[in-house]
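Visitor: Residue strings, one per chain:
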Amino acid sequence: MAEQPTGLRSWIFTTDHKKIGVMYLVTALVFFVVGLLLAAVMRTENLDMARKTIIIGPYLYNVFFTIHGAAMVLFWMIPVLLGFFANYMIPLMIGAHDVAFPRLNALSYWFYVGSGLIAVCGLILPGRLDIGWTGYAPYSLVGGANTAFYVFAVHLLGASSISGAVNFITTIITLRAPGMTWGRLNLTVWGLLGAFIIQLVGVPVLAAAVTLLLFDKYLGTSFYNAFKGGNPLLYEHLFWFYGHPAVYVVALPVFGIVSDIIATFARKKIFGYTSMVIAIMLITVVGFETWVHHLFVAGTLNWSRVVFMWATIFIGVPTGIKIFNWLATLHKGSIELTAPMLYALGFISLFTIGGVTGVANGLVGFDISVHDTHWIVAHFHYVLAISMSMLIMGGIYYWFPKFTGKMYNEKLAKFAFWLTLIGAMVAFFPQFIIGYDGIPRRYWKLPVEYTPHMRIAAIFSYIAIIGFFLTLYNFLHSAMKGKPASSNPWNSKSLEWQIPSPPPFYNFEKIPVITEGPYEYGKPEGEAPKGH
Amino acid sequence: MQRIVLGVISALFVLLTPLTAFAQEKLHDPAAGWYSHFNLWLIISIVIYLVVTIPLIYFPFKYRRKKTNQDGAYIQGNTALEILWIVIPIIITLLLGVQSWALFTEYRTVPKDAFEAKSVAFMYGFEMTSPEGITTMNELRVPVGPVKMNLTSKDVIHDFAIPHFRVREDMLPGRTTYLWFNAKKPGEYPVFCSFYCGTGHSGMLAKVIVMEKNDYDEWVKKQKGASEAAAASPELMGKELLDKSGCTGCHSITGEVKMGPSLKGILGKKTILADDSTVTVDEAFIKEKITNPEAKRIKGFPPVMPPTQLKPGESEAISAYLKTLK
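Chains as they are written, first to last, in our numbering: chain A, 241 to 772; chain B, 175 to 500.
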């Protein structure tokens, strides 16, 4: 058994999945803070709708929402889930010493850092990116933005994502411990597997899309130039072919983490494990057939809009199965409301608002009136941005004792949770009203009658942001000065809790032999568990 | 349990039948159809939200842990329940989907007698052309009744959204898209660009003015007379140039500050440039601003003005018009 090396060099050159995971977490949190600060500035700019600059003016406003979107989706949510949670938890949950390709894993992380630095250049260097996180042609071609920042950031991040996907899909297939059947995997692992499959299929398409953008802008080709025989809609199609499934890249691991938290704190087997797995895989596949709903008013063919409406609203069915299975798991459970559990329940509540409004956006006749309005902004902040960021906080709390060996401050955690939940619940609701009135998004200033709406939105978003900062403070303070935690403070039956905290180098002294699933709480003698 | 499942399913199918019949009925006004679609969706969504959140709040209290490490009941699943919450969402999905499909068909099927106008978007404004060939900037006049808009763009992608009529469609360079709406009552209705198009995006506003048929015909007659008069007078020609080229979309003639400074009393005025130097606005300055707007940027305004080429005589006509704006 090798000794665990220490010191700065041991972090930079590490191929240990746990250290890489922690580096992903720290880097992603930095981008989360950047995204929050940009949001705070934009909300402040919206305090008064008179056409006067409050802090940044229209140009910087556009730059800020571009980097806010990119930082939150590409550099915070996807890396924290597919970087931190996948890296740290998958080998522990399947009973492996490390991932299948440890060096490739380290390379993925450093590609991600490089990509993040290029994105930061897009915020601060001349030729700032004001093209939206989608980088739509032709504006990204004819505007003043240095689109190369965008293209190269996506390329590097794509290389990171593809190698991560190859690595973890291989790990999950080949490195499961003896007895760790597909029916005994944690739902977190299933969710991550779905997400990695999407990354593997989708990211190359996005890389192709932005490569053509680069050729058009700097080499004079005209893939997207309508006046030279190109077609700007091609970019929208290619972008959303990955861009929409990217939402499920975030959602599927989050669904898995919610299941793990609920099973542990209700001390109850996940209700309908098999249907949970089928739902994850259905979303993975059908998620690729929905992208045209982003082009519902883009002059696409009428019949294609109807076809994609059916695929889009059908996604609501497997998602609904998951929500009802969670509720059924709570039923007759033995529930303890710790901070992670509060986050899981708060997530379900916020996510359901986002879910039902998501069905509305998928309905092609409904969408015509709210497409690209503040309704959409409200919808995706409920369904994705804030609900999933909150659940990620819950996930970090849940495994905090595992990866730090310390206990977090429970009181502060709960206080920050309520601040964030109340802030999030109220902050985006006025935008449903603005969007119902059909007012477009990405507006530096709205018509003046919406000043009160946006003031409420601003105040409550500040509250949510303060909640997030308190949570981050709790992480930082507890990681350094928290009380030592036992190896299994939640008394969970899942495999990652059966080893010391923090786990030793190479995790398991001897690869364990698995005899039952991770959720077998209160199993009566002699009853055969399903799903094995 | 199975009986309850079957009961709920058949009840929902009974509900589905009249609603699909309603959906196939001709609506004649997509906006009105949109509101009933919204209401059905809203009722279903509120019910779903309550069905989820009530147990979500109730269970943690009802089933709170009483002893350390006490386990919950060992329940692995329930086939009947799981089928129930597969089938009910499918039925709801079908219900909303069929209604939406019918509404969408209405949105995309233009009545034969529709008034047909055209709009060309640019950064940052809408050029509107009436069927009589009258071109206006950021202002479309239409008679009461169904209106079809043919849409395209000169530069990047824009969008033509009229929230009041609950319609929108993107305006793409190099191709023509369309939308239609039923303008029932005379009045002014705001138009927004709903597709992010750059720094001036939030200022890319216009309006649709719906008029009684007689008022509209009179307006057309007056416009035709006006362009003949303009040919004879430089002031009128200048005004027409500013209106038709979209200048007044960002530069008001009333003193109101929009995306750019107002043109009221601008000739002879002293102004501060972005580099803090002071210049007097004269004819040469105006001419340079139009042909090369970024060379001398006025302090406090974003760099969004597109350059425009001037034909001989046009600069003089514009200056003549600006002199009249005191």
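Take these hints with a grain of salt, some might be off.
Each computed DSS-like pair below joins lysine-lysine, with the alpha-carbon atoms no more than 30 Å apart [what the hints assert, rightly or not]: (1) A:K468 - B:K485; (2) B:K500 - B:K395; (3) B:K470 - B:K438; (4) B:K497 - A:K468; (5) A:K292 - B:K463; (6) B:K485 - B:K473; (7) A:K292 - B:K395; (8) A:K723 - B:K240; (9) B:K358 - A:K646; (10) B:K387 - B:K358; (11) A:K292 - B:K240; (12) A:K468 - B:K322; (13) A:K292 - B:K497; (14) A:K646 - B:K396; (15) B:K241 - B:K286; (16) B:K396 - B:K432; (17) A:K651 - B:K322; (18) B:K485 - B:K292.
The set of hints was computed from the structure by calculation and includes no laboratory data.
Visitor: K468 of chain A and K322 of chain B were given as a pair; does the straight-line alpha-carbon distance stay at or below 30 Å?
Guide: Given pair K468 of chain A, K322 of chain B holds - Cα atoms ~28 Å apart, limit 30 Å.
Visitor: Between K468 of chain A and K485 of chain B, is the straight-line Cα distance small enough, at 30 Å or below?
Guide: Roughly 27 Å between the alpha carbons, so the hint for K468 of chain A and K485 of chain B holds.
Visitor: Take a quick look at whether K485 of chain B and K292 of chain B sit within 30 Å of each other, Cα to Cα.
Guide: holds (25 Å)
Visitor: K292 of chain A and K395 of chain B: Cα distance at most 30 Å?
Guide: violated (40 Å)
Visitor: If you draw a straight line from the CA of K485 of chain B to the CA of K473 of chain B, is it 30 Å or shorter?
Guide: holds (28 Å)
Visitor: Holds or violated: are the alpha carbons of K241 of chain B and K286 of chain B at most 30 Å from each other?
Guide: violated (74 Å)
Visitor: Against the 30 Å threshold, does the CA-CA distance of K723 of chain A and K240 of chain B hold or violate the hint?
Guide: holds (25 Å)
Visitor: Is the straight-line distance between the alpha-carbon of K646 of chain A and that of K396 of chain B 30 Å or less?
Guide: Given pair K646 of chain A, K396 of chain B is violated - Cα atoms ~81 Å apart, limit 30 Å.
Visitor: Need the status of pair K292 of chain A, K240 of chain B: alpha-carbon distance at most 30 Å?
Guide: violated (58 Å)
Visitor: So if I understand the rule, the pair passes when the alpha-carbon distance is 30 Å or less; does K292 of chain A with K463 of chain B pass?
Guide: holds (23 Å)
Visitor: Decide if the proposed pair is consistent with the structure: K387 of chain B and K358 of chain B, CA atoms, cutoff 30 Å inclusive.
Guide: holds (12 Å)
Visitor: Regarding the pair K470 of chain B and K438 of chain B, is the alpha-carbon distance no greater than 30 Å?
Guide: Satisfied, since the Cα-Cα distance of roughly 20 Å is no more than 30 Å.
Hints 4, 7, 9, 11, 14, 15 and 17 from the earlier list are contradicted by this structure; the remaining hints agree with it.
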